[in-house]
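Novice: Here is what each chain is made of, one letter per residue.
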Amino acid sequence: MIHRNTVFQLAAGLRARKFSSVELVRAYLQRIEASQPALNAFICVTAEQALAAAAAADRDLAAGRGGALAGVPIAHKDLFCTEGVRTTCGSRMLENFVSPYDATVVAKLKAAGAVTLGKLNMDEFAMGSSNETSYFGPVKNPWNTERVPGGSSGGSAAAVAARLVPAATATDTGGSIRQPAALCGITGIKPTYGRVSRYGMIAFASSLDQGGVLATSAQDAALMLREMAGFDPNDSTSVDEPVPDYVATLDAPLAGVKVGLIKEFFDKGLDAENERRVREALAVLERLGASLREVSLPSLPLSVPAYYVVAPAECSSNLARYDGVRFGHRCKDPRDLQDLYRRSRGEGFGAEVKRRIMTGTYVLSAGYYDAYYLKAQRVRQLIAADFKRAFSEVDALVGPTSPTAAFPIGAKTADPITMYLNDIYTIGANLAGLPAMSVPCGFVGGLPVGLQIVGPHFAELRILNIAHRYQLETDWHLKTPERFQ
Amino acid sequence: MTKSSGTILDGDSRPRGGEAQEGSSTKSSGTILDGTGREPRSGWETVIGLEIHAQLATRSKIFSGASTAYGAPPNAQASLVDLGFPGVLPVLNGDAVRMAVRFGLAIGARIARQSVFARKNYFYPDLPKGYQISQYELPIVAQGALEIVLDDGSTKRVGITRAHLEEDAGKSLHEGLGGLTGVDLNRAGTPLIEIVSEPDLRSAREAVAYMKKVHTLVRYLEICDGNMQEGSFRCDANVSVRPKGSDKLGTRAEIKNINSFRFVEKAIQYEIARQIELIESGGKVVQETRLYDPDKGETRSMRAKEEANDYRYFPDPDLLPLAVAEDFIEAVRESLPELPDEKAARFSSQYGLSAYDAGVLTASRELADYYEEVVRTVPREPKLAANWVMGELAAVLNKESLEVGSGRMPAARLAGLLTRIADETISGKIAKEVFEAMWAGGEGADAIIASKGLKQITDTGAIERAIEEVMARNPGQLAEFRAGKEKLFGFFVGQVMKATQGKANPAQLNELLKKKLPG
Numbered sequence: 001m002i003h004r005n006t007v008f009q010l011a012a013g014l015r016a017r018k019f020s021s022v023e024l025v026r027a028y029l030q031r032i033e034a035s036q037p038a039l040n041a042f043i044c045v046t047a048e049q050a051l052a053a054a055a056a057a058d059r060d061l062a063a064g065r066g067g068a069l070a071g072v073p074i075a076h077k078d079l080f081c082t083e084g085v086r087t088t089c090g091s092r093m094l095e096n097f098v099s100p101y102d103a104t105v106v107a108k109l110k111a112a113g114a115v116t117l118g119k120l121n122m123d124e125f126a127m128g129s130s131n132e133t134s135y136f137g138p139v140k141n142p143w144n145t146e147r148v149p150g151g152s153s154g155g156s157a158a159a160v161a162a163r164l165v166p167a168a169t170a171t172d173t174g175g176s177i178r179q180p181a182a183l184c185g186i187t188g189i190k191p192t193y194g195r196v197s198r199y200g201m202i203a204f205a206s207s208l209d210q211g212g213v214l215a216t217s218a219q220d221a222a223l224m225l226r227e228m229a230g231f232d233p234n235d236s237t238s239v240d241e242p243v244p245d246y247v248a249t250l251d252a253p254l255a256g257v258k259v260g261l262i263k264e265f266f267d268k269g270l271d272a273e274n275e276r277r278v279r280e281a282l283a284v285l286e287r288l289g290a291s292l293r294e295v296s297l298p299s300l301p302l303s304v305p306a307y308y309v310v311a312p313a314e315c316s317s318n319l320a321r322y323d324g325v326r327f328g329h330r331c332k333d334p335r336d337l338q339d340l341y342r343r344s345r346g347e348g349f350g351a352e353v354k355r356r357i358m359t360g361t362y363v364l365s366a367g368y369y370d371a372y373y374l375k376a377q378r379v380r381q382l383i384a385a386d387f388k389r390a391f392s393e394v395d396a397l398v399g400p401t402s403p404t405a406a407f408p409i410g411a412k413t414a415d416p417i418t419m420y421l422n423d424i425y426t427i428g429a430n431l432a433g434l435p436a437m438s439v440p441c442g443f444v445g446g447l448p449v450g451l452q453i454v455g456p457h458f459a460e461l462r463i464l465n466i467a468h469r470y471q472l473e474t475d476w477h478l479k480t481p482e483r484f485q
Numbered sequence: 001m002t003k004s005s006g007t008i009l010d011g012d013s014r015p016r017g018g019e020a021q022e023g024s025s026t027k028s029s030g031t032i033l034d035g036t037g038r039e040p041r042s043g044w045e046t047v048i049g050l051e052i053h054a055q056l057a058t059r060s061k062i063f064s065g066a067s068t069a070y071g072a073p074p075n076a077q078a079s080l081v082d083l084g085f086p087g088v089l090p091v092l093n094g095d096a097v098r099m100a101v102r103f104g105l106a107i108g109a110r111i112a113r114q115s116v117f118a119r120k121n122y123f124y125p126d127l128p129k130g131y132q133i134s135q136y137e138l139p140i141v142a143q144g145a146l147e148i149v150l151d152d153g154s155t156k157r158v159g160i161t162r163a164h165l166e167e168d169a170g171k172s173l174h175e176g177l178g179g180l181t182g183v184d185l186n187r188a189g190t191p192l193i194e195i196v197s198e199p200d201l202r203s204a205r206e207a208v209a210y211m212k213k214v215h216t217l218v219r220y221l222e223i224c225d226g227n228m229q230e231g232s233f234r235c236d237a238n239v240s241v242r243p244k245g246s247d248k249l250g251t252r253a254e255i256k257n258i259n260s261f262r263f264v265e266k267a268i269q270y271e272i273a274r275q276i277e278l279i280e281s282g283g284k285v286v287q288e289t290r291l292y293d294p295d296k297g298e299t300r301s302m303r304a305k306e307e308a309n310d311y312r313y314f315p316d317p318d319l320l321p322l323a324v325a326e327d328f329i330e331a332v333r334e335s336l337p338e339l340p341d342e343k344a345a346r347f348s349s350q351y352g353l354s355a356y357d358a359g360v361l362t363a364s365r366e367l368a369d370y371y372e373e374v375v376r377t378v379p380r381e382p383k384l385a386a387n388w389v390m391g392e393l394a395a396v397l398n399k400e401s402l403e404v405g406s407g408r409m410p411a412a413r414l415a416g417l418l419t420r421i422a423d424e425t426i427s428g429k430i431a432k433e434v435f436e437a438m439w440a441g442g443e444g445a446d447a448i449i450a451s452k453g454l455k456q457i458t459d460t461g462a463i464e465r466a467i468e469e470v471m472a473r474n475p476g477q478l479a480e481f482r483a484g485k486e487k488l489f490g491f492f493v494g495q496v497m498k499a500t501q502g503k504a505n506p507a508q509l510n511e512l513l514k515k516k517l518p519g
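Heads up: the sequence lines are chains A and B, in that order.
With our numbering, letter number 36 in the first sequence gets 36, and the count goes up by one each step, no holes.
With our numbering, letter number 33 in the second sequence gets 33, and the count goes up by one each step, no holes.
Misleading hints may appear alongside valid ones.
Claimed, not checked - Ranges between beta-carbon positions, derived for each pair:
id: 1; chain 1: B; residue 1: P243; chain 2: A; residue 2: A351; range: 50 to 58 Å
id: 2; chain 1: B; residue 1: P243; chain 2: A; residue 2: A366; range: 50 to 58 Å
id: 3; chain 1: B; residue 1: D247; chain 2: A; residue 2: F231; range: 49 to 57 Å
id: 4; chain 1: A; residue 1: Q338; chain 2: B; residue 2: P410; range: 34 to 42 Å
id: 5; chain 1: A; residue 1: R15; chain 2: B; residue 2: E230; range: 40 to 48 Å
id: 6; chain 1: B; residue 1: P243; chain 2: A; residue 2: P233; range: 54 to 62 Å
id: 7; chain 1: B; residue 1: A72; chain 2: A; residue 2: M358; range: 35 to 43 Å
id: 8; chain 1: A; residue 1: R15; chain 2: B; residue 2: F123; range: 47 to 55 Å
id: 9; chain 1: A; residue 1: P233; chain 2: B; residue 2: E230; range: 54 to 62 Å
Stated by the list, open to error - Calculated pairs, DSS-like style, for lysine-lysine (alpha carbon to alpha carbon, straight line, at most 27 Å):
id: 10; chain 1: A; residue 1: K332; chain 2: B; residue 2: K171
id: 11; chain 1: A; residue 1: K375; chain 2: B; residue 2: K171
id: 12; chain 1: A; residue 1: K354; chain 2: B; residue 2: K120
What the hints assert, rightly or not - Partial pick of chain B residues on the chain A-facing surface, computed with a CB cut under 10 Å:
id: 13; residue: G84
id: 14; residue: R119
id: 15; residue: P125
id: 16; residue: L127
id: 17; residue: G130
id: 18; residue: Y131
id: 19; residue: D310
id: 20; residue: P315
id: 21; residue: D318
id: 22; residue: F328
Source of the hints: derived by calculation from the structure; they are not laboratory data.
Built from N, CA and C at the ideal position, the CB exists for glycine as well.
Take the sequences, apply the hints, and build the full model.
Specialist: See below:
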């Protein structure tokens, strides 16, 4: 049962030569192959390259070399550019796009010795909350394959939950790491905006996108993040701050830590059973010595409308480069330039992407810019100010990650607004650029529920510490779906 | 006219004194206005504003490390960033910022301590990202001004609203591709500053004077090579007319992408005449973008305002606001060279030159440096040096489309010639002959004077002998002179000069003739 190991255990086992990376990679590749029909978590599996990289890692390990993740198999969300490997972004537009370069995150994990098994399914261009917008078909939730895994990092979350990889990269623009982590019963962290380089991470909404990790524990997330984070001269928005050793101080006791409950998150939209699980988790934190208090962030309920102005505005511009001229999908026999644009983009993008491009184009148009885009930016400032005020009183904020557990596939696809409301608790951290996590805190009707922890800028250590102490007390994160034991 | 010498030494830089300016102006306007008899039309005032695009002379592009060198095979200098590949991000080139600040300080503008890059969104194949990164609401340079000299010698202050940093687009190629369009992205991402003037210009001549002034300045500052043929310096002209005395602006047309001073003048003159005629015949100027066709000498509508793009500007989230620190600005300020106006003033006072001469000689840094190098060798002859640099030298450079820095006539070599004029080894007239030989053969003045035996005769005895021979050969003229026909003095000067192959020292000759002729 080698796949029951954490990244930590695997790295240690490899170093102790208990098993080889090639053995490990073979085992995981088998699991991936076996589960693909049921879960559809992967868009492409790079078995050959993975085995070659594993053999190289084994040589390094035998020679006493290799980074912190030497020989450990992982997989990337398919919006991280991987040199020589298809990088589709879940879109027909990039179905045949082979990246000529590695994203900084990919290069860093490679340098740490991690072995990439393949590219993970996702909502098209990371736009979605259920992984149903992927051109490559929906991903299924390993806990119940009739249900969604959440999105947009649904492939990453399902793969980790089903132990097809011990950890995976993911990105979070409005909750795309935390919400699928919650719905799949795993641990996910979206670091502070600027902590992880966006270079080579195909953009959805540049001011909100942030790379992060999905793993089975806070400890693994800390280890992965340590290897991924850091200043990148290729990304002007990455922050030139040293990366602390997220692993070293995970164990710090919680005594005296001040935790705030976000009042606005315990609203009518929150499923009562979910709320119970979250409150049970808060009781655990209290038992661990944390002091709890309710904190109000009055502007937070405006985050969904603000987000659905800012994110589409940025995406409408970011996705303009997909024009059929230099790469990506090009329509057959274009009559002229306009025809090339219209059909290439019309055929290459799916409905949700088009909806957001149109929304974004509209809100940036002359005469509407002030009413929408500028106003949304002001709301964003208000929300950031709310968080700042709250963090002058508490060390971390907690609440639910998602209003409900995983919903049935197809249940919300007809009504985009209902779908967008899935992100109601997660978007605030993106708008304010704050680090945030989701950790498993129980089940409702056999489906996992997530606890969200939000910290001040660059306080990844603090939220990882809270999550880790919680996971030392509880075993929700150790539960695995029966079908994928 | 080619390259940088275009500003000063080209066809419309005139003999000193400015007497030909009138002629030059009628010459260029004549084609359009004289034919239709519209030239003297009064009652209208023209309002012009220019948007000048100057390519910054950085080695790499504004947001990528790719080279900006001109002339590489298509797409050889386009990096993944320039190609707009998925996932890539822009990183600002600090040198471009330094150059923009240099320009801002040189025009006495406000340097924004914080400016913002914005995306200008539109679709075009040579615009790889589907947007151009530019500056919109908060440019790096705002509220500066330049002074220009008008045709009547007076000066005028032209306001500069703003100058902002932006990236250039690529090029679409339509020829030789069998009906297809090719895209060359070598130019994509090249740094530009767009310099936007106030609508302060009132004629095509003023517009050209302003554009030349900016051209001179950016080259002084070494922030732009000014090469107009390669598109490093080009402009859009906003032109409107209104009844004299009106303070309301007329509807303007924008003439795009004009890349020579001559075309700017012609395009604007054509456009003024077109608008006046249109209004006077009961029509209305529509706001539109027009293109100048240099072959036909006319502007043509490119697109109307209704067809104009909505660029959906918004701050580029990939780039943080650009903060420019105080000490950075001060360091740039300290590195500024002597600017054209300061240099011209110094030339006037230090060398006793006229304002016009000082202006011509300081129109480019290379020319000014050349002049000063010459003067260092003949420090007592600054005017002689000015005359030669602006006269003989300018003429031959012009004829062969060369720049002063081309090396064909190093300053030291010209100075060598002037030294021989100053020490009376040769006369000014002989010097022209020597100069021609120097230009043709590349030899120094002394070698030519020696080999051709052009050394001036200053030996009194030799000149006297020549005079006596001439007197002996021309007894008739001598008698007439002595009978009172003093005009014949010149005849004897000429004859002696001829006899000495022009080498007799003119002053000595005069003296001796005055003594000898009367008998």
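Novice: State for each hint whether it applies.
Specialist: A quick look at each hint next to the structure:
1. B/P243 - A/A351: 50 to 58 Å: holds (56 Å)
2. B/P243 - A/A366: 50 to 58 Å: violated (31 Å)
3. B/D247 - A/F231: 49 to 57 Å: holds (55 Å)
4. A/Q338 - B/P410: 34 to 42 Å: Cβ of A/Q338 to Cβ of B/P410: about 58 Å, so the range 34 to 42 Å is violated.
5. A/R15 - B/E230: 40 to 48 Å: About 59 Å separates the Cβ atoms of A/R15 and B/E230, which means 40 to 48 Å is violated.
6. B/P243 - A/P233: 54 to 62 Å: holds (58 Å)
7. B/A72 - A/M358: 35 to 43 Å: Given a distance of about 39 Å, which is inside 35 to 43 Å, the answer is holds.
8. A/R15 - B/F123: 47 to 55 Å: Hint holds: Cβ distance 53 Å, inside 47 to 55 Å.
9. A/P233 - B/E230: 54 to 62 Å: violated (31 Å)
10. A/K332 - B/K171: holds (24 Å)
11. A/K375 - B/K171: Not satisfied, since the Cα-Cα distance of roughly 37 Å exceeds 27 Å.
12. A/K354 - B/K120: holds (20 Å)
13. G84: Holds, about 4 Å.
14. R119: holds (5 Å)
15. P125: Check passed: Cβ of B/P125 comes within 5 Å of chain A, closer than 10 Å.
16. L127: Hint on B/L127: holds, closest Cβ of chain A at ~9 Å, below 10 Å.
17. G130: Hint holds; B/G130 Cβ to chain A Cβ min 2 Å, cut 10 Å.
18. Y131: holds (5 Å)
19. D310: holds (5 Å)
20. P315: Cβ of B/P315 sits 9 Å from chain A, so the hint holds.
21. D318: holds (5 Å)
22. F328: For B/F328, the interface hint is violated, since the closest Cβ of chain A sits about 18 Å away, which is over 10 Å.
Hints 2, 4, 5, 9, 11, 22 from the list above are not met by this structure, while the remaining hints are.
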